[in-house]
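Peer 1: Listed here are the chains, written in short residue letters.
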Amino acid sequence: MNADNRKGELAELKGQLRQLAGSRAPGVEDLKRELYKKVISYLTVGIDVSSLFSEMVMCSATSDLVLKKMCYLYVGNYARGYPELALLTINFLQKDCQDDDPMIRGLALRSLCSLRVKNLVEYLVGPLQRGLKDSNGYVRSVAAIGVLKLYHIAPSSCTDNDFPVTLKALLLHDSDPQVVANCLCSLLEILSIEGNVSEAALREKESLLHRNVILSLLNRFKEFSEWAQCLVLEVVSKYVPEDAQETHDMMDVLDDRLQHANSAVVLATIKVFLHLTMSMADVHQKVYERIKAPLLTLVSSGSAEQSYAVLSHLHLLVMRAPMLFASDYKHFYCRYSDPSYVKKLKLEMLTAVANESNTYEIVTELSEYAANVDVAIARESIRAVGKIALQQYDVNAIVDRLLQFLEMEKDYVTAETLVLVKDLLRKYPQWSHDCIAVVGNVSSKSVTEPKAKAALVWMLGEYAYDMSDAPYVLEGFVQSWAEEDFAEVRLELLTAVAKCFFKRPPETVQILGAALSFGFADANQDVHDRALLYYRLLQHSVEVAERVINPPKQAVSVFAGDQSSEIKDRIFDEFNSLAVVYRQPSYMFLDKDQRSPFAFSEDTGSSIIGPQSPGREDLPSDIDARDNDLLLSAHEKEDSRAVSNGSHGYSSSKFHTLQEFTDSAFAPRSPSPTQPIRNARATPLPPAAVSSTAASPLLAVDDLLGLGPSASAEPFPPLKLNPKPVLDPASFKRKWGQLTVALTLEYTFPAQAMVGLTGPQPLVRHMQTNSVQCMASGNAPLKFFFFAQLADAPANTGFFLVELVVTTSSGLASAKIKADDSSLAPAFADSLQSALSKFGSL
Amino acid sequence: MISQFFVLSLRGDNIVFRDYRGDVPKGSAEIFFRKVKFWQGEEGEEAPPVFKMDGVNYLHVKVGGLLFVATTRVNLSPALVLELLQRIARVTKDYLGILNEDSLRKNFVLVYELLDEMIDFGYPQTTSTEALKSFVFNEPVVIDAARLPSLGPAALFIQGSKRVPGTSVTKSVVANEPGGRKREEVFVDIIEKISVTFNAAGYILTSEIDGTIQMKSYLSGNPEIRVALNEDLSIGRNEYGGGFGGGVGMVILDDCNFHESVRLDDFETDHYLTLVPPDGEFPVMNYRMTQEFKPPFKVFPVIEEAGPFKAEIVLKVRADFPATVTANTVVLRVPLPKTTSRVSFEMEPGAVGQSTDFKEANKTIEWSCRKIVGGSEHTLRAKLTLTQERNANIKKEAGPISMSFTIPMFNASRLAVRYLQVVKKSKSYNPYRWVRYVTHSNSYVIRT
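Sequences listed follow chains A and B, in order. Just so we're aligned, residue 73 is where the first sequence starts under the numbering used here, counting upward by one. Just so we're aligned, residue 154 is where the second sequence starts under the numbering used here, counting upward by one.
Do not take every clue at face value.
Facing chain B, a subset of chain A residues (Cβ under 8 Å, in silico) [unchecked claim]:
1) E298
2) A443
3) N648
4) A651
5) M660
6) F661
Keeping only pairs whose Cα atoms sit at most 16 Å apart, straight-line, the calculated EDC-like set for lysine to aspartate or glutamate is [stated by the list, open to error]:
7) K491(B) <-> D483(A)
8) K205(B) <-> E479(A)
9) K491(B) <-> E481(A)
10) K259(B) <-> E106(A)
11) K549(B) <-> E106(A)
12) K548(B) <-> E440(A)
13) K402(A) <-> E413(B)
14) K549(B) <-> E479(A)
15) K549(B) <-> E440(A)
16) K549(B) <-> D663(A)
17) K294(A) <-> E413(B)
18) K548(B) <-> E479(A)
19) K548(B) <-> E481(A)
20) K109(A) <-> E292(B)
21) K516(B) <-> D446(A)
22) K491(B) <-> E106(A)
So the derived label-pair ranges between C-beta atoms look like this [stated by the list, open to error]:
23) A469(A) <-> S521(B): 54 to 62 Å
24) S521(B) <-> I119(A): 29 to 37 Å
25) S162(B) <-> F558(A): 36 to 44 Å
26) Q464(A) <-> S508(B): 43 to 51 Å
27) E433(A) <-> V467(B): 56 to 64 Å
28) N427(A) <-> K549(B): 26 to 34 Å
29) S162(B) <-> E433(A): 41 to 49 Å
30) N794(A) <-> S162(B): 39 to 47 Å
31) A469(A) <-> N253(B): 35 to 43 Å
32) R655(A) <-> G165(B): 27 to 35 Å
33) R498(A) <-> E513(B): 22 to 30 Å
34) Q574(B) <-> E81(A): 56 to 64 Å
35) R187(B) <-> A593(A): 37 to 45 Å
36) R96(A) <-> L163(B): 57 to 65 Å
Note that these hints are calculated values from the structure, not bench results. Keep in mind the model is a prediction, meaning the values are calculated, not measured. Cβ atoms here follow ideal geometry from the backbone N, Cα and C, with glycine treated the same way.
Chain A on its own, in the form it takes in the complex (with noise of 0.2 Å):
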């Protein structure tokens, strides 16, 4: 349809209409039925048809039902664009609102609130608080949402008119469970959305998580539909039971829940289960037993999509306990009817569970897929070998399984295969023989992928002792320079020229003339810059440019690029959530004004010194919310888009954690430079109190700077930490928060120590090996919040907390102590001390 024809088909419908419009006759409704469906369906793909308005709503005078939702459709998707004339609705809305079906009221209700009109919120008030108390749960029902709608359109005027506290009186009382379950939701939403700028509506939110709340909708919870039960058990995961009969009862309560046919409902209750259990080791392991038939069921029974969402999750649960799912693997070979998007995932779970007793037939189904059809899962399955390849010990048989993909002579398998046999030789050098052999035999000609050629170039250079034909080869890829589209294979290129040259000059040397000459020439301004290195240091002396091209190698142990485990972790937090599938945790992929409104205390502290409150950083009270400030954007700088989008609140966020660490760095502390364990100061101040006096910074630096890490004695028997605590970051917030400052503690790094220390993971990693686990860091300033536990506690007791900053210019760290047993933080900062000091000197 042409513009042109548009216009005259929407002049008619305006003028057939506006006949309909007043008259009375039998069938006309049928009538007006017909064009009220002709306009929707423009509406639905996008025709503006916002010119009817005033004649739709003449109209609307009518009491045939299908009619009047049509009408509200329409009024409902143009309203906003268009207050003056959604003010001519208002009057029959209202009038229906007190209609004697309670459905009318219901609908019309409905559409009153989804005008989204700013200045229409005054006729708003008055039908809510009628439908809020209106005898038919579905009214109310729709009130609880209308509330909400209210709130995104005139926050102020929802909460003067005291409806936030209805809804909670609803929530505890109401006889419909929808009603219950709405009143929920909403007040989630606002309480989040108000908890940015007041400290009243957190704690409300909160007490959302009392005990009273919880057993309530848990008491009922049968009663509730299986939406609504997800909803209340994403309320009920943040709910901390008061002692473990309480937590055996509530999953006594909701175990059968595992056996629902809605995959919603059994991962909702999976995240209960497994944060409820957080701090009970065993039962945390009981419930993966528990919950690995139920999952693989719902991965089998559902439609595709289904399994994608429970197998992303399953994903998420193998990372952390690959052991368990170590025997089920079969259940993740791929089906013939797999989507490609399923089949990916399957390939990662085999990978994942691969271990000595699985491994042969795991890869034996690998490769059958190697062979198959469909490239992309051929190509994943020849690298998921590979990684099973790069995480046994035992390989040998891999990499028979590997070269055997090579002599399929398919093009792509022998690119995915040559990448992979590259890596597995910087790993495990000493199969170099076996698998330059079978290299040797690879025609360069079948190889185009770059990364597969710049592999081959790679093993060419360092094996030019063993492939007799070396020189040769390379020749022929020198030779064709100019045809060689990619930067990567001409810089490996260089390198290999180089390498096979100090291994056997006489036939190189001219191959490595040609290829330096190729190089200056070279647009690429990287290949031009290592052409020309290589020129210089050849000439200086070729010892020197061997040394330097050519050093001996240490096989690599680790590959980088697996994500920290505490990203792992904050995922897992994230559990039943876009997080898992996206392997993301939320902060990296949403707004910060769109975080969920089911997340609790974790965004409630950053949202505290958003934009919104710059004033607040003199309140004392707010040392504990920039301490969750710093447990929730710890990584919040690798996020560009927190950055772009709230570079206010985030530079402010930043001001918080500097003036804090001058607070923390200023403090006075002993001038004695000969009992270096009494700068632990056994004084539990008050943070604030900590802050107020200052003393030089210049005194307190020479002070330390006289001490070696050395001259710490040990005056307290070292203590007996508990090498693999357990702590979600709710609790530690929480014990953070009750806890007084035990000690503090000052310690100065020596400078080769400092020179390791360029963001936070080395320091995380060194305090793991030393016991000390780390919940949070930070990287400008650097700071940590650590925790660790004495060994044989019973749970959740004998932690001891530690917030540390470190400055990075004079490597001065300071640390404040809290534990559970105070009397034992001057043991536990011996420790600390001691195992700051081997920092770097490994």
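Starting from the known structure of chain A, fit chain B onto it as the hints suggest.
Peer 2: Below, chain B without anything else, positioned relative to chain A:
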């Protein structure tokens, strides 16, 4: 909460579009469709059901040749959204009888009525077909099933939509029968999808049955129903392919799950499922079984060289099920060496309802048999002409063979509905009760 919901045809047309929150830009349907259609990945990949672009998360399912899509800006549970989309599709099907582009276009106003009640401001409300009845005032325009191109039952089992009825019951839950009154009936379908992989020597490598007991009720007054399953049923076998345990000859399920209307009071002891079936179609129980079973088809492929530029493939298929049962729409696919230029087929003498095809583009032969009677054997001979002289093993170049089929009134697991009882006081009440079995191939692969 979700921001928008829309249904697109496979050509990308908006059939239904509903914006619930107004926080996602208007062009989202188009952006989504372009992304799905030109999914950037390696060869032959399709877009995953969940992805994100410019801060908007897109979740979709494919049902009945349509794309059901939701967008959101918050970190929702993907399982919840995908289940919800699937449910919306199912409820729509309950009302329209048939779910396809045509029926949706003819009934989009009714679909808006449903959507209004199923989702409010992005939060799921009620999705029960029954509860929604009182909110739907449009009469469905029912599409005549006979007018649909006759696809045969297998055609309904389009890839990606695993949960579909055994045979198409295409009645709307609200439309009246031509006679004016509703027929009292209830359908129970035991639908099994079987996956078997044979190795080159003909032995079974893996086998699994994924089953669903599906119900579709048109009973008035919501009577309670009792479904009695095998007496020799046991549940809970976790080790894949492990030993048989105690009960030889028993039906042993690895695991199962149930619809929320199902009461399991008598399940442990008497193997009854008791439920008050809601209106519409729903799975009563899903189950999974890795216990060994006899595969319905055995394929004996012979692949050999027949000269420097020639090869020959002989496929023999044996139907290992009773002669009273007939399999429908059996198709075997064999990928051939890439150098194949021509194929000539030789069918067995007197072959009826068979056809062969050489798909040049992906070098695959397809052999279709409209019907295969239990106990029978069929053979196909294919002569290949190759453009290159082969020296490597031709077996490595051809295969694996995959097979698809539908076998009505047959189930490999032997799980059975002993009886279906409508618990209702009136003696005269005797509704139609249909119990049907059907087995589909899910992944039936014979390696060469």
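Peer 1: All the hints need checking, so say for each whether the structure fits it.
Peer 2: Going down the list of hints, with the structure as the test:
1. E298: Status holds, d = 6 Å.
2. A443: Holds, because the Cβ-Cβ distance from A443(A) to chain B comes to roughly 7 Å (cut-off 8 Å).
3. N648: holds, 5 Å
4. A651: Holds, about 6 Å.
5. M660: violated, 11 Å
6. F661: Cβ of F661(A) sits 6 Å from chain B, so the hint holds.
7. K491(B) <-> D483(A): Satisfied, since the Cα-Cα distance of roughly 12 Å is no more than 16 Å.
8. K205(B) <-> E479(A): Between K205(B) and E479(A) the Cα gap is close to 40 Å, so the pair fails against 16 Å, i.e. violated.
9. K491(B) <-> E481(A): holds, 12 Å
10. K259(B) <-> E106(A): holds, 12 Å
11. K549(B) <-> E106(A): At roughly 63 Å apart (the allowed maximum being 16 Å), E106(A) and K549(B) break the hint.
12. K548(B) <-> E440(A): Given that 16 Å is the threshold and the Cα spacing comes to 13 Å, the pair holds.
13. K402(A) <-> E413(B): violated, 30 Å
14. K549(B) <-> E479(A): Status holds; Cα separation ~11 Å.
15. K549(B) <-> E440(A): holds, 10 Å
16. K549(B) <-> D663(A): At roughly 51 Å apart (the allowed maximum being 16 Å), D663(A) and K549(B) break the hint.
17. K294(A) <-> E413(B): holds, 9 Å
18. K548(B) <-> E479(A): holds, 14 Å
19. K548(B) <-> E481(A): Within the cut-off at roughly 14 Å; holds.
20. K109(A) <-> E292(B): Distance ~13 Å between K109(A) and E292(B) Cα, so the pair holds.
21. K516(B) <-> D446(A): holds, 13 Å
22. K491(B) <-> E106(A): violated, 57 Å
23. A469(A) <-> S521(B): 54 to 62 Å: violated, 40 Å
24. S521(B) <-> I119(A): 29 to 37 Å: violated, 44 Å
25. S162(B) <-> F558(A): 36 to 44 Å: holds, 41 Å
26. Q464(A) <-> S508(B): 43 to 51 Å: Holds, since Q464(A) and S508(B) (Cβ atoms, about 48 Å apart) stay within the stated range.
27. E433(A) <-> V467(B): 56 to 64 Å: Taking Cβ atoms as reference, E433(A) and V467(B) lie about 30 Å apart, which means the hint is violated.
28. N427(A) <-> K549(B): 26 to 34 Å: Holds, since N427(A) and K549(B) (Cβ atoms, about 29 Å apart) stay within the stated range.
29. S162(B) <-> E433(A): 41 to 49 Å: With a Cβ separation near 44 Å, S162(B) and E433(A) satisfy 41 to 49 Å, so the hint holds.
30. N794(A) <-> S162(B): 39 to 47 Å: For N794(A) and S162(B) the Cβ distance comes to about 59 Å; the hint is violated.
31. A469(A) <-> N253(B): 35 to 43 Å: With Cβ atoms ~51 Å apart, the hint is violated.
32. R655(A) <-> G165(B): 27 to 35 Å: holds, 29 Å
33. R498(A) <-> E513(B): 22 to 30 Å: violated, 43 Å
34. Q574(B) <-> E81(A): 56 to 64 Å: holds, 58 Å
35. R187(B) <-> A593(A): 37 to 45 Å: holds, 42 Å
36. R96(A) <-> L163(B): 57 to 65 Å: violated, 45 Å
Against the hints set out earlier in the document, violations occur for numbers 5, 8, 11, 13, 16, 22, 23, 24, 27, 30, 31, 33 and 36.
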